[in-house]
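Dock chains A and W against the given chain L, drawing on the hints supplied.
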Amino acid sequence: MSRELAARLTAELDQLVLIDPHTHINPHSPASKTLADIMGYHYYTELAHSAGLAKSQIEEPGLDPKAKVGRLVEWLDKLDNTVQVSWLVALCQKFFGFQDDRITPANWEALYDGAAAKMAEPDWEDQCLQSSKIEKVFLTNDFDDPLEGFNTERYIPCLRTDDLVFHLAKPEVRQRLAKASGIDFHNTQTLKDAIGHLFQHFVKKQAKACAISLPPWFTPQPVGLHEVRAPLQKILSNDPLSFEEQARVSEFVFWTIAEYCAEHKLPFDLMIGVNRRVYRDGVYQGQDLFDMRVSMIQYQELFNHFPQVMFPVSVLAQSSNMELVSYSWIFPNVIMHGHWWYSNIPCHITTDTRARLTAAPRTKQIGYYSDMYKLEFAWPKFQMYRKVLGQVLAEDFVLDRGWSEDRALELGRQVLRGNVETIFGVS
Amino acid sequence: MSRELAARLTAELDQLVLIDPHTHINPHSPASKTLADIMGYHYYTELAHSAGLAKSQIEEPGLDPKAKVGRLVEWLDKLDNTVQVSWLVALCQKFFGFQDDRITPANWEALYDGAAAKMAEPDWEDQCLQSSKIEKVFLTNDFDDPLEGFNTERYIPCLRTDDLVFHLAKPEVRQRLAKASGIDFHNTQTLKDAIGHLFQHFVKKQAKACAISLPPWFTPQPVGLHEVRAPLQKILSNDPLSFEEQARVSEFVFWTIAEYCAEHKLPFDLMIGVNRRVYRDGVYQGQDLFDMRVSMIQYQELFNHFPQVMFPVSVLAQSSNMELVSYSWIFPNVIMHGHWWYSNIPCHITTDTRARLTAAPRTKQIGYYSDMYKLEFAWPKFQMYRKVLGQVLAEDFVLDRGWSEDRALELGRQVLRGNVETIFGVS
Amino acid sequence: MSRELAARLTAELDQLVLIDPHTHINPHSPASKTLADIMGYHYYTELAHSAGLAKSQIEEPGLDPKAKVGRLVEWLDKLDNTVQVSWLVALCQKFFGFQDDRITPANWEALYDGAAAKMAEPDWEDQCLQSSKIEKVFLTNDFDDPLEGFNTERYIPCLRTDDLVFHLAKPEVRQRLAKASGIDFHNTQTLKDAIGHLFQHFVKKQAKACAISLPPWFTPQPVGLHEVRAPLQKILSNDPLSFEEQARVSEFVFWTIAEYCAEHKLPFDLMIGVNRRVYRDGVYQGQDLFDMRVSMIQYQELFNHFPQVMFPVSVLAQSSNMELVSYSWIFPNVIMHGHWWYSNIPCHITTDTRARLTAAPRTKQIGYYSDMYKLEFAWPKFQMYRKVLGQVLAEDFVLDRGWSEDRALELGRQVLRGNVETIFGVS
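Chains as they are written, first to last, in the working numbering: chain L, 113 to 539; chain A, 113 to 539; chain W, 113 to 539.
Bound conformation, chain L alone (with noise of 0.2 Å):
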């Protein structure tokens, strides 16, 4: 009974047009041109890499983009298993007529020629997002972007700033920030008003959020202008840092974003535990990892600080899922912010999405966001989140709490779109 409850519910969520909070969308060529670009998306690079496949395979220089589909696919059968193959082979059924349940070496080239055709049609991108029902998709624009020649009100820039606050000694970034800003910063006052100069950029332009990427180890906290200004100067003369000077410098800008977010009221997304580069010779963005002992209490001087910014939070570790139920269900500007990463798989989105739902505010939680760098890939992520939403909603409310399906829908309906427009400004 409850996984028939679970499916109409399900079905109904299915109906709703959504906002998508938080991709890696490319406005000037946002929809796939070639099954290559959406089996080019890391998770199927690095888990065929990791079942096998060598790194130089994949990226070797000038690889034509059916022959790496042709290689990819030799090694589909050892991750049959995943959820991330399940998105590919649910995408392939929906938009390109895939009759298949899997893709192998016999049917591959039929698929990859029939996707091809279907997505030089001239209005791909408007069928794919109509057939998808997204609306809105918000950007990760780098802080130098121009944001010119797309429709700001379909993909609606968000400012990325993991450049800013961890490689601002490196001269290329510094170089990047003269030009955007036209401030060639050589201290922390004109340092603080490049910065500034982006958020009015970004803000003109229709920018409806700020986000980073943050490590484990990162504690934000106002820095004492004393404290960096040393470490600045030897950014300026390209000397190296230490750790703890680049942790000084990195704090002193994070916090002026920060502000900066107050001034503008943008909502600052953290995305709470990367470590960069684990591992040093995996493919193209699959070398990330984490390390699960970070805790938002790291963040309390900033929550503290700053009650007027709200701070949609997403957390890698799974077990960090409690603290942000728990650190959302006290602070009022901790929003809970979707299921990021390797956190987004079924069984930990239906843990996450119970704690949450159970214990804090229904405003409060934004229910997921595809992070996807190609529209085709929307559909079946958020189509994954619905079926778990689904199911929580009818076991721990219709079942467990007596709720009437109608109730569930529209808390469902809340965290999957309502909240995206209360939090963000958008509608």
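FYI, nobody ran anything at the bench for these hints, they're computed from the structure. In this text, all values refer to a predicted model and were calculated from it rather than measured experimentally.
Chain copies aren't distinguished; within one or between two, either way the pair holds.
In silico lysine-lysine, DSSO-like type, Cα no more than 30 Å apart, as pairs: (1) LYS167 with LYS377; (2) LYS167 with LYS190; (3) LYS190 with LYS377; (4) LYS304 with LYS316; (5) LYS245 with LYS206; (6) LYS499 with LYS190; (7) LYS245 with LYS316; (8) LYS291 with LYS317; (9) LYS304 with LYS291; (10) LYS180 with LYS190; (11) LYS206 with LYS145; (12) LYS178 with LYS206; (13) LYS145 with LYS190.
Frame of chain L; chains A and W shown alone:
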């Protein structure tokens, strides 16, 4: 089938009369007088605040109880997904004849008035306990509580020691200790003597437990007298202590308390993992959070050193439950105790109950305590637990292991009541 | 419906003949002789002790086996909720015709005598293996095991290296190494040579793995020879080492072992997270616990440095499972290996299996090993796992993903047996 079975077991467990082994009841005013006492529970004030209600609206000096409830009710539609609000609705239905499934701006006044009338009945305290099937209630008494003027058979004293361990540097704590013990301590021995007086007083008054809540960083260990003498003299001179000096004093007082627990055969309830005042502008009792990076390995010296003391342990982070189960599985003196605070929601209780009942001796688990401040909450909170317990007994024991329903219920009754009797020596 | 489906899948998986990839079987005495061998398993002694049975009663010198069982049986009613006791009852029912569902003071003697008679049959070892559908069994051999006098086709040697890595400072360990290798090492090179001799011996005797258990603090890394020379000389002079000096030696020996694993193409089983002798007065093998604050990030250098070595990894804390899944998802040489010790209970296995089967390549997971000391335990422990696996395949693959039962069973067989063959090179 498993839902019907679970419901049947839960209904049987409902018949059992219980002893509540940990609450914050004031025995001089155990029951509520108005809905403001009930909705003033920090779960509602902190959730309403988290959803957007200003602290100043909740804690306005001189605010009329009815007006306060009116303000909180305005925010309940943002919180009605939470299990905490489900307790509230359930108790209003059970005790006050509330007919709706939501408390709203349209129906709350009638509820408020009806509840006030009910609670004004002279035997409301007895009615509430009887209707809730609660026979005895453990208290949480300040160390200087005279323990006079109430029935210690019904309201069982428990010596709470947080102030002694962590706040001895505050002059008012030392004054309270001097007054309560008749000893104005001036060195380690007289401090021990003063604490010894408290134990004698509590034991004479039928206390059945000692208790403390502990921050994640705390690691109890024996301290040499030479290490604690200097910090203690600083305290007596009202000189500021370093973190390390304060830690030595805390360790010394904690160890002394454990020694008295051994001498008086009192179980020592440890509530591990709370950081106080993390959200500094939070509402009353809505400021504390945790850091999941805590381990029971920090307590190895304690558990090894006091084999004769029972330690009923509560953990705040759900991720700590597996350590609790494993330490209890090995150490004879470690008892699994209830589901504390942020862990006290059905999905966490289910996971934790499943692990506890499957892996460690059935004699060493106390299923639940209400942690309540007012008697009306025992029933809905225990009811939440009983539903989970019924489900776990149904699925993991009757269906998976082939147990008879009677055998499963015997286990349920033991963790609900039997073990409270044997571990704390009450009946 | 899902329970019937799960039972059907489990019954199919029951038919498969297995290789047990990690045990502590003594190949010279693999099966039990009396119930005392079976109930002497630390699971029963430590649980009975935890419930109140004195260690002196269990470990009394010269205690008669039957008397020992009689003492333990008195405490089983306090433990009968545990899955560990359910293994005991299940194996007595399967192997010894036990008809009751509980072992009690009233029925144990007949069981003891019947079991002894059964186990006295000359082919009991073969009967037990055949009835349990176990074909081959990996051992855990001391580094100086001569590996003589048993069938290495059935009992597969595995080089256990804890003593070398963590206890080289003990003179008896160095004497054993000198005797086994024929090399009385006096510097880093001769130490390497001595260890190399062990590998040659083990590989010649058909060893298929190297293994070690590791404490939570250990972080393997390459050590400069200049860093290890002085500590090694201290060891040779029987001078005490600081924690840091001991760590350098451990790192050096560990890295050396990994190098030999690469040379000999041996998988290196890592069992991460155990603290030894936490409960100092615990019964034999019932003293070890863990600290959940451990991360696989500590192994990043190792995984990067030895891409050619397969590392089947077991984690002790359930909260580490997500890291294990994620590291295995990215690193080609990280294999998910079984469910270890405190994680080896159905609720944790369920959660972990779900995540592993959903997120990482199917070729990189070894579903289960028994960790047994006596052959009789393979069947009930694998049976526990098969039930969980059947349930996860039913719910997550057949029902949620629409897989055929055959396809799901194919996945089940791969993690139960196929991957043991491919990863360890046995068949």
